[in-house]
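These protein sequence lines are chains G, H, Z and P, in that order.
Residue 29 in this note's numbering sits at position 29 of the first sequence, and the numbers go up by one each step.
Residue 49 in this note's numbering sits at position 49 of the second sequence, and the numbers go up by one each step.
Residue 110 in this note's numbering sits at position 110 of the third sequence, and the numbers go up by one each step.
Residue 127 in this note's numbering sits at position 127 of the fourth sequence, and the numbers go up by one each step.
No lab work stands behind these hints: they were computed from the structure.
Mixed in with the good hints there might be a few duds.
Under the rule of at most 16 Å between Cα atoms (straight-line distance), these lysine to aspartate or glutamate pairs were calculated in the EDC-like manner [stated by the list, open to error]:
1) P:Lys102 <-> Z:Glu50
2) Z:Lys20 <-> P:Glu89
3) G:Lys54 <-> P:Asp135
4) Z:Lys99 <-> P:Glu50
5) P:Lys99 <-> Z:Asp37
6) P:Lys20 <-> Z:Glu89
7) Z:Lys99 <-> P:Glu42
8) Z:Lys99 <-> P:Asp37
9) Z:Lys118 <-> H:Glu60
10) Z:Lys62 <-> H:Glu73
11) P:Lys102 <-> Z:Glu106
12) Z:Lys58 <-> H:Glu60
13) Z:Lys99 <-> P:Glu106
14) H:Lys27 <-> H:Glu73
15) P:Lys99 <-> Z:Glu40
16) Z:Lys19 <-> P:Asp37
17) Z:Lys102 <-> P:Glu106
18) Z:Lys102 <-> P:Asp142
19) H:Lys54 <-> Z:Asp135
20) Z:Lys146 <-> P:Glu106
21) P:Lys19 <-> Z:Glu89
22) Z:Lys102 <-> P:Asp140
23) P:Lys130 <-> G:Asp11
24) P:Lys146 <-> Z:Glu106
25) Z:Lys58 <-> H:Glu73
26) P:Lys99 <-> Z:Asp41
27) Z:Lys99 <-> P:Glu89
28) Z:Lys102 <-> P:Glu144
29) G:Lys10 <-> P:Glu50
30) P:Lys19 <-> Z:Asp37
31) P:Lys118 <-> G:Glu60
Only a predicted model underlies this, so the values are computations on that prediction, with no experimental measurement involved.
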Amino acid sequence: MKVLYFSWIKDKLGKSHEEIQVSDNIKTINDLITLLKQNNENYKDVFKDTSSIKVSINMETASFEDSVNDNDEVAFFPPMTGG
Amino acid sequence: MKVLYFSWIKDKLGKSHEEIQVSDNIKTINDLITLLKQNNENYKDVFKDTSSIKVSINMETASFEDSVNDNDEVAFFPPMTGG
Amino acid sequence: MIKVQEEDFSLTDEITFLKKRCNNIGALSTFIGIVRDKREDEKLVSMTLEHYPGMTEKMLNKIDTEALNRWDLLATTIIHRYGKLLPGEQIVLVITASKHRKEAIESCHFIIDWLKTKGPFWKYEKTVDKGFWVDAKSQDLDEELKWNN
Amino acid sequence: MIKVQEEDFSLTDEITFLKKRCNNIGALSTFIGIVRDKREDEKLVSMTLEHYPGMTEKMLNKIDTEALNRWDLLATTIIHRYGKLLPGEQIVLVITASKHRKEAIESCHFIIDWLKTKGPFWKYEKTVDKGFWVDAKSQDLDEELKWNN
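Build the full structure now, drawing on both the sequences and the hints.
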């Protein structure tokens with residue numbers, strides 16, 4: 001699964017994207033976050049308060065309860081500030 | 001008193017402005033209209049329905065009940081269509 | 001800043017000129033009114049704008065001042081043309097500049113709504129074989145009234 | 001029509017281009033977002049716009065389509081820049097053209113409000129000695145929500 005990070009999330013993680021191997025028991029965005037946080041302080045820090053984090057699946061705004069699979073492109077970012 | 005006419009009022013009267021001698025018993029715009037209508041079919045025609053006519057006194061929007069005197073500039077016109 | 005003129009205006013020049021009059025602009029709204037190609041379904045030949053010299057300047061200044069009082073603006077431009085215009089020609093220009101978008105957008109909207117009903121202009125439209133004084137629309141009065149709140 | 005680009009745009013060129021795409025325009029609204037000179041009270045050195053390539057085009061098209069569905073428009077233009085911009089530089093351009101002013105003005109307002117909260121952009125502001133990711137404003141969400149009715 002391709003995962004992208006933007007803005008301060010990218011800065012805190014020190015990367016803008018990565019390829020993650022996900023097993024079948026990763027069914028939702030919430031599951032993915034739990035996986036990322038495992039044994040990693042940077043991810044724990046970024047995802048400690050998800051109220052200020054937005055997520056997209058295949059470039060469509062999504063919610064943390066939405067289903068994902070290995071072919072999806074997922075992105076995490078703070079609220080958008082276009083215009 | 002200087003009186004100006006715009007748009008279809010000017011067309012119907014065949015003039016854009018005129019100087020009117022007003023006596024002391026002309027106190028309001030309504031009095032002025034009554035004076036203009038005296039013995040003149042064109043004015044009678046123009047002022048037969050004043051609901052579609054606006055008036056200004058010294059370039060400020062006014063009402064038919066407002067007072068006028070000989071030094072004022074009065075204008076009659078249909079509702080404005082700027083922009 | 002207001003101008004009442006017969007000649008055309010250039011949006012780019014007016015924006016450049018407005019930017020010189022202020023700084024820290026974050027939002028710039030503009031509105032341009034243009035002579036349409038048609039009157040209802042008929043080809044329009046020309047539109048002639050009659051106005052009331054003197055009162056026009058007075059009313060445009062009043063509208064400009066009102067916008068500057070109601071919103072936190074950095075600069076404004078109102079240019080209204082008069083005389084004979086052809087289809088596609090520019091009639092009116094409104095520019096409003098502010099730090100944030102809401103002020104620029106709302107005040108631009110306000111100015112054009114007030115110009116409609118408070119700008120002493122009357123429009124004479126010519127088609128190939130007829131001429132018409134354009135009636136004020138009752139809808140325009142409704143648009144004006146919404147700014148009373 | 002939407003464009004996402006690093007380079008600057010020309011309002012005049014875009015209006016000329018838009019006019020070629022339709023006719024009988026009576027009203028033209030534009031909005032330009034500009035990099036301010038200051039961040040709060042400090043001098044701003046630059047603003048860098050990060051975006052999500054692919055999603056940006058998708059969302060801008062969505063916003064454009066929504067405006068065209070909601071209002072009777074003749075043409076629209078949305079251009080959003082990304083990359084490093086200096087104070088005074090243009091960030092975003094919205095143009096809407098319609099027969100009557102209400103449609104052009106409202107849709108222009110709508111597009112910029114939706115861009116604020118639905119355009120996948122993030123702004124990094126640099127002052128002389130610090131850098132900040134700009135927080136989304138809760139007010140922007142309120143502005144977006146008023147278009148739900």
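Each hint, compared with the structure:
In summary, the hint linking Lys102 (chain P) to Glu50 (chain Z) is not supported, as the alpha carbons are separated by about 24 Å, beyond the 16 Å threshold. The hinted pair formed by Lys20 (chain Z) and Glu89 (chain P) meets the criterion: a straight-line CA distance of about 14 Å does not exceed 16 Å. For the given pair, Lys54 (chain G) sits about 13 Å from Asp135 (chain P) by alpha-carbon distance, which is consistent with the 16 Å threshold. Between Lys99 (chain Z) and Glu50 (chain P) the alpha-carbon distance is near 22 Å, which puts this suggested pair outside the 16 Å criterion.
Note on Lys99 (chain P) and Asp37 (chain Z): the hinted pairing holds, with a Cα-Cα distance of about 10 Å set against a maximum of 16 Å. A threshold of 16 Å between alpha carbons decides the hint, and for Lys20 (chain P) with Glu89 (chain Z) the separation of about 14 Å falls inside it, so the pair holds. Simply put, Lys99 (chain Z) and Glu42 (chain P) have alpha-carbon atoms about 15 Å apart, close enough for the 16 Å limit, and the pair holds. With a C-alpha separation of about 10 Å, the suggested pairing of Lys99 (chain Z) with Asp37 (chain P) holds against the 16 Å cut-off.
Distance hint between Lys118 (chain Z) and Glu60 (chain H) is fulfilled; the C-alpha atoms sit about 10 Å from each other, no more than 16 Å. With a C-alpha separation of about 19 Å, the suggested pairing of Lys62 (chain Z) with Glu73 (chain H) is violated against the 16 Å cut-off. For the given pair, Lys102 (chain P) sits about 12 Å from Glu106 (chain Z) by alpha-carbon distance, which is consistent with the 16 Å threshold. The straight-line distance between the Cα atoms of Lys58 (chain Z) and Glu60 (chain H) is roughly 8 Å, inside the 16 Å bound, and the hint therefore holds.
Straight-line distance between C-alpha atoms of Lys99 (chain Z) and Glu106 (chain P) comes to about 20 Å, which puts the hinted pair past the 16 Å bound. At most 16 Å may separate the alpha-carbon atoms for a hinted pair to count; Lys27 (chain H) and Glu73 (chain H) meet this at roughly 14 Å. Pair hint Lys99 (chain P) plus Glu40 (chain Z) holds up; C-alpha atoms about 11 Å apart against a cutoff of 16 Å. Note on Lys19 (chain Z) and Asp37 (chain P): the hinted pairing holds, with a Cα-Cα distance of about 13 Å set against a maximum of 16 Å.
Of the supplied pair hints, the one linking Lys102 (chain Z) and Glu106 (chain P) holds, its CA atoms being roughly 12 Å apart against a limit of 16 Å. Between Lys102 (chain Z) and Asp142 (chain P), the direct Cα distance comes to roughly 12 Å. Compliance with the 16 Å bound is thereby established for this hinted pair. With a C-alpha separation of about 13 Å, the suggested pairing of Lys54 (chain H) with Asp135 (chain Z) holds against the 16 Å cut-off. Distance check on the hinted pair: Lys146 (chain Z) and Glu106 (chain P) sit about 14 Å apart at the alpha-carbon level, within 16 Å; holds.
Between the alpha carbons of Lys19 (chain P) and Glu89 (chain Z) the distance comes to roughly 12 Å, so the proposed pair stays at or under 16 Å and holds. For the suggested pair Lys102 (chain Z) and Asp140 (chain P), the alpha carbons sit about 10 Å apart, so the restraint of at most 16 Å is met. Straight-line distance between C-alpha atoms of Lys130 (chain P) and Asp11 (chain G) comes to about 15 Å, which keeps the hinted pair within the 16 Å bound. Taking the CA atoms of Lys146 (chain P) and Glu106 (chain Z), the gap is about 14 Å. The hint holds against a cut of 16 Å.
Pair hint Lys58 (chain Z) plus Glu73 (chain H) holds up; C-alpha atoms about 14 Å apart against a cutoff of 16 Å. Between the alpha carbons of Lys99 (chain P) and Asp41 (chain Z) the distance comes to roughly 13 Å, so the proposed pair stays at or under 16 Å and holds. Restraint check for Lys99 (chain Z) and Glu89 (chain P): satisfied, since their Cα atoms lie roughly 14 Å apart, inside the 16 Å limit. For a cut-off of 16 Å, the pair hint linking Lys102 (chain Z) to Glu144 (chain P) stands: about 12 Å separates their Cα positions.
A hinted pair counts as satisfied when its Cα atoms are at most 16 Å apart, and Lys10 (chain G) with Glu50 (chain P) qualifies at roughly 11 Å. A hinted pair counts as satisfied when its Cα atoms are at most 16 Å apart, and Lys19 (chain P) with Asp37 (chain Z) qualifies at roughly 13 Å. Using a Cα cut-off of 16 Å, the hinted pair Lys118 (chain P) and Glu60 (chain G) holds, with the two alpha carbons roughly 10 Å apart.
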